[in-house]
Structures are given as structure tokens and as C-alpha cells.
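Asker: Chain order of the listed sequences is S and D. Okay, so the first sequence: first residue is 1 according to the working numbering, each after it adds one. Okay, so the second sequence: first residue is 1 according to the working numbering, each after it adds one.
None of the hints are false.
Just so you have them, the derived chain D footprint on chain S, three or more residues with Cβ under 8 Å: (1) 46 to 52; (2) 240 to 249; (3) 263 to 270.
No farther apart than 25 Å at their CA atoms in a straight line, the calculated lysine-lysine pairs in the BS3-like style are these: (4) S:LYS357 to S:LYS305; (5) D:LYS199 to D:LYS144; (6) S:LYS62 to S:LYS301; (7) S:LYS62 to D:LYS140; (8) D:LYS101 to S:LYS89; (9) D:LYS140 to D:LYS190; (10) D:LYS48 to S:LYS357; (11) D:LYS140 to S:LYS49; (12) D:LYS190 to S:LYS279; (13) D:LYS199 to D:LYS125; (14) D:LYS144 to S:LYS301; (15) S:LYS258 to D:LYS23; (16) D:LYS48 to S:LYS279; (17) S:LYS305 to D:LYS48; (18) D:LYS101 to S:LYS314; (19) D:LYS140 to S:LYS42; (20) D:LYS48 to S:LYS314; (21) D:LYS23 to S:LYS232; (22) S:LYS42 to S:LYS31; (23) D:LYS23 to S:LYS357; (24) D:LYS144 to S:LYS49.
Read the hints as simulated data drawn from the structure, not as lab findings. No experiment lies behind these values; they were computed from the predicted model shown. Note that the Cβ used here is the ideal one computed from N, Cα and C, for glycine as well.
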Amino acid sequence: MISKNAFTRFMTACMLVCCFLFSGVEVFAQKDQVPTDEAIIKNGESLFKDWGCNTCHAVDRKVVGPALAGVYDRRTLPWIYEFVRNSSKVIASGDPQAVAVYNEFNQLQMPNHDLEDNDILAIMAYVKNTEDNPVVAAEPDPNVGGEVVAEEGAIPSEYVNIIIIGLIVVLLLILLVLAIMIRFMQRYLRDKKELSEDDLEIVEEKFDLVAFIKSPTVIGIVTFLVIALAAKNVIDGLYMVGVQQNYQPEQPIAFSHKIHAGDYEIDCQYCHTGVEIAKSANIPSVNICMNCHSAIKTDSKEIQKLYAAQESGKPIEWVRVHNLPDLAYFNHSQHVNVGQIECQTCHGEIQEMEVVKQFAPLTMGWCIDCHRNTELNTEGNGYYDKLVEMHNKVNGEKNKMKVEDIGGLECSKCHY
Amino acid sequence: MTNRLKAALTIFTLAVLASCTAKGDDPGLEYAPQMYHSVPYEPLTQIKDKDRGEWLSNREDGLGEFYNSNPNNEYEQNVRVPVAGTVRRTSNNVLPYRLGKDDIALAAEIPNPLPDTPEILAEGKRLYELYCDHCHGNGKEAGKVGVVFAGVPSYSSPAQRNLSEGHVFHVITHGIRRMGAHGSQISPEKRWKIVKYVKTLQQQ
Chain S
1 MISKNAFTRF MTACMLVCCF LFSGVEVFAQ KDQVPTDEAI IKNGESLFKD
51 WGCNTCHAVD RKVVGPALAG VYDRRTLPWI YEFVRNSSKV IASGDPQAVA
101 VYNEFNQLQM PNHDLEDNDI LAIMAYVKNT EDNPVVAAEP DPNVGGEVVA
151 EEGAIPSEYV NIIIIGLIVV LLLILLVLAI MIRFMQRYLR DKKELSEDDL
201 EIVEEKFDLV AFIKSPTVIG IVTFLVIALA AKNVIDGLYM VGVQQNYQPE
251 QPIAFSHKIH AGDYEIDCQY CHTGVEIAKS ANIPSVNICM NCHSAIKTDS
301 KEIQKLYAAQ ESGKPIEWVR VHNLPDLAYF NHSQHVNVGQ IECQTCHGEI
351 QEMEVVKQFA PLTMGWCIDC HRNTELNTEG NGYYDKLVEM HNKVNGEKNK
401 MKVEDIGGLE CSKCHY
Chain D
1 MTNRLKAALT IFTLAVLASC TAKGDDPGLE YAPQMYHSVP YEPLTQIKDK
51 DRGEWLSNRE DGLGEFYNSN PNNEYEQNVR VPVAGTVRRT SNNVLPYRLG
101 KDDIALAAEI PNPLPDTPEI LAEGKRLYEL YCDHCHGNGK EAGKVGVVFA
151 GVPSYSSPAQ RNLSEGHVFH VITHGIRRMG AHGSQISPEK RWKIVKYVKT
201 LQQQ
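Construct all of the structure, not just a fragment, from the sequences and the given hints.
Answerer: Right, dumping it as C-alpha cells:
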């Protein structure tokens, strides 16, 4: 009996020691529990990518969430399993570590992942492997992604200048050669004795610049040119009264269409939401900017103005660029949605402008010109089927229906 | 003498005319300002200076001709946010969406009211390219903005692959975690069309 008792006691002690050792291992040497098996690491890598952990985490640096290198040292494995599966539950339970990291990351919530323990362990294996054998430039740096290679389209303007200068030089050379040739001819002719008086006079004739300038013909031509130019200027100037073409006011925030619509290819409609459905194109309110700037360029001075506006609720006072007089009516949806006209036709290459500039004159003549010359986009638009049929009956197939044919020149369509 | 005067006069006129044209911060000269400036409140314009255009004003309230602001609104704006709960009259029979940001579990149960037709799918694709693809790219790899924004998931990853149409609709409307709300930009009907297209991206 005694021996049996001693045996039990011994076993219990052993168990206790084992438990103690085991728990010690669990707390202090978790790293060793992360497997180093090739296959598991491979599996972890694909899980890391498939489940999109890589969109928010990198091993060696902070992205959206913390760098994962060494989590298995900071936390226990069961904690990691729970956190990855449902982080909000762990945070809600008041776990101090979870709450601390949650607050450190501005209370960003990590999505839930329906993963088994061993899947998460495999991910940790991949993380540990990457930590131990850092890969040089394996992943593209997200900060570099914005870089855009300059597009090569038309000939750059410097080349045009060089070509023009080259042409001028060639012309001058030709003139020089001609002058030299005249000189030689003169000398040759003078040396020839059998020239008549008249011919000799022509050869010897001197060019008198002053007399030439003072001749009535030249004065007449010059006066005419000056008056014509002045008149053209005056008339042009008068035409430009009330036309705001080239108006390019400075805006309260240095918002650049070149960055947003050009480099990053954000569609116009993402911001100008009314274009297809309304008269007005709309200028985006702060909440639309915040969809991106909640996380992009957060410490830029210009972006701080957005945060201030969002906090106070005070709208940003953009300076209006395009402004038709009150007597004219213009509707975007009619042109963009029904007419399928590109923004650039009327607004110019906005996606290349740092500051918006009024491209078109927005005069009545400009509207009318386009209405006279533009064919209607009638395809797939049931409204026009009958009209097109009737138009073709009267005017023949070749004469396509233009905007003027549906009343695009009627005063009351644009004036109210 | 008179010749010089004439020349000076011409140059002066030219200079004055040159200054009429708009450039930079200067909008140029108007010749019939009373017909250009709106009398009613203009939604996209706001002139808060009470004395602007006083020199030609014949307004009864004695303010400048060009003053165009509504003093009864916050920040004297000419536009107001509609009263909470306002329902559009032309909503194409799509019911107003009343679930709040946190009701995402409820939202996931809502079926898509639109039928499966190629036209709706094509329209959904077009709208997706307007509103989503700069972040979500082709649904697998993040777009140009998405790369800078970071944390944009692929629709076909195991966590997103099985999200229901109601869930995606709710995500567009109210946003989720780091993604912002796009409800103010996209009408409910268009959102459902986008959802149809996202459904195909989840399967890729």
C-alpha cells in the first residue's frame, strides 16, 4: 500500500513539475512552438496572401496594422488565435494587451477571420521564417505605388523649339549663300567689258535703305498693318468683355486634378456626382475627400485643413470657376448622359491641371456652334427612334440629325 | 501734338481692353452684371459680402446687388441638408434604406431587388469602374489608390468570397472599418447594380 501511495505521490509530483515546465514553456519560449517545417511555412505564406493579411500587415514594418515580427514573443499563441478569429470580442472582454494595441492603432478594427488554430500557427510559421530570413525587396513598397511613369505622347515642347531654331539657322545660311553668290556675279559682270550702259547701271545699283523706308508704298503698308492690328486687338478685347476664358483663381486648398484625376485615375464622377443625373456637376463635400484622406497624407498641411473642416462642419469655400450668367440654362445630364460628350470637350484637359482653369469661352456662340455641328447620339435611345426615322425621310440618310434639328437653337431652350 | 495724343489714346484703350480679359485670379469685366448675377439663392454660389455691387444696386433691402447668401442657414449657405428621413420621389420603387451602420447582420439578409440581366450587370460594371476600381482594382489586386491607402482586401479571398449581396450593399452605404461610406455619392439603385457586379468578382 505504502509503495503504491509513494508511487502516486511521485507521479503527482512529476505531473506538477511537468505542468510547471510546460506552462513555463508556453509563456517564455513560444517562439520554439512555431513550426519551422517547409510545407507548413509554404501553407502559411499562401494563407497570409489568400486571407489578405498582407493587405494590412507586413512582417518587418507597420502598414495598417502592426509589424507581425515577434508577435509570438509579445503574446501567447491562444491569444493570437482568439484575436485573429474575432478581435473585437477579445477587446470587448477587456484584455489589457488587446485594448492597448487597439488604442495604439486609433481603434481600427481588424476583420474577423474564420481560421483554425493550426492555420493561424502556419501563418505565424511563415512570419517567423520571413523574420529570420529577411527577403530583400520581396514586396513592393506601398509608398512607391503612386509613382507614375510619364506618358510619352506628342513631341515635347523643347524639341519643337530646337527644330524651329534649326530651321531658322538653315534659312540664314541659305540667305548668306545667296548674298555671296550675288557678290560673285557682280564682280564677274563688272569684269566683263562688253556690258551696255544700262546693264552696268543695274549691276552697280546701290540699295538705299532710308529711301526705301520713306517711299510711300512702304509707309502705306506699315500704316495699314498697324491700324489693322490695333483694330483687331480692340475688337478682340471688346469680344472678351464678359467672357471668363482662362480664369484660374487660387483655391483655399491646393487641390490638384493632376494628382487625383490624372496620376491616380480617379473618375470625375467619384467626386462630381451630379454630372449624370442633374443640372449641376456638384463640388464634392468633405466626407468624399475623407473616404481617402482618412488614411492618405494624413500629416500634410493641406489635408489638415480638411480635418478642420470636417470637425467644425464648416464647408470649404472653393472659388467658383465656371459660371454662366443667370440668364442662361445649362444642364450637365443632358450633355454627359444623353449626349455622351466627354468632360474634356468642354473643360479641357482637366486631368493635367494643377489648378482648374476655364478652358472654353462659354459664350452663346460657343454653345450654338457645337449644336450646329454635333450629331446626336441616338443609338440605343428609344426616345429618338421615331424622330430619326422622320428626319431621314425628309433629309435623306446622309444628312445626320444634329442638335439644331431637335431645337438646339431655340432661344427658350437656353434662356428662361 | 494731336498725333501723339492719338497714339497715347490708342495705347491707353488697348491697355484698358487688355485688362478686361480674365486670367489668374481676375475674372475680367462684365458688361451687364445685373443680368448675370442671380436674384434667387444660387446653390453653388455664395457671396457673403453685403456691399458687393452696391454701386448699381436697386434692391429693396438696401444690400449690394450681388449679395447672395441665406442668413437663416448655418454659415449663410444657400443649400441645406434635407430633413432626416426624407424620401426621394423618383426612387424607381427602391425603398429607402433605413438600417444604421451597426445593423450589418440584419443587412446581410436583404436580397437584391434587381433581376439578373446582362444589362444590369454591364451597368454595374460601369458604375464599379467609376466608384470602386481606383481602390479595389479588378477585385483581386488593389488599384492605384488602393495601394497607397493599404488594407484593401481582394473580393475572392476566403473572408470576402461569401459575403452576401445585402452585406456588400450595406458596406457601400455605410462603409466598414477603414472603408468610408459611399452612400452620399451613389443612389440605392446604383448600389444594388454595383453589388451584382461585385458578386461576379467574388467568384473569380
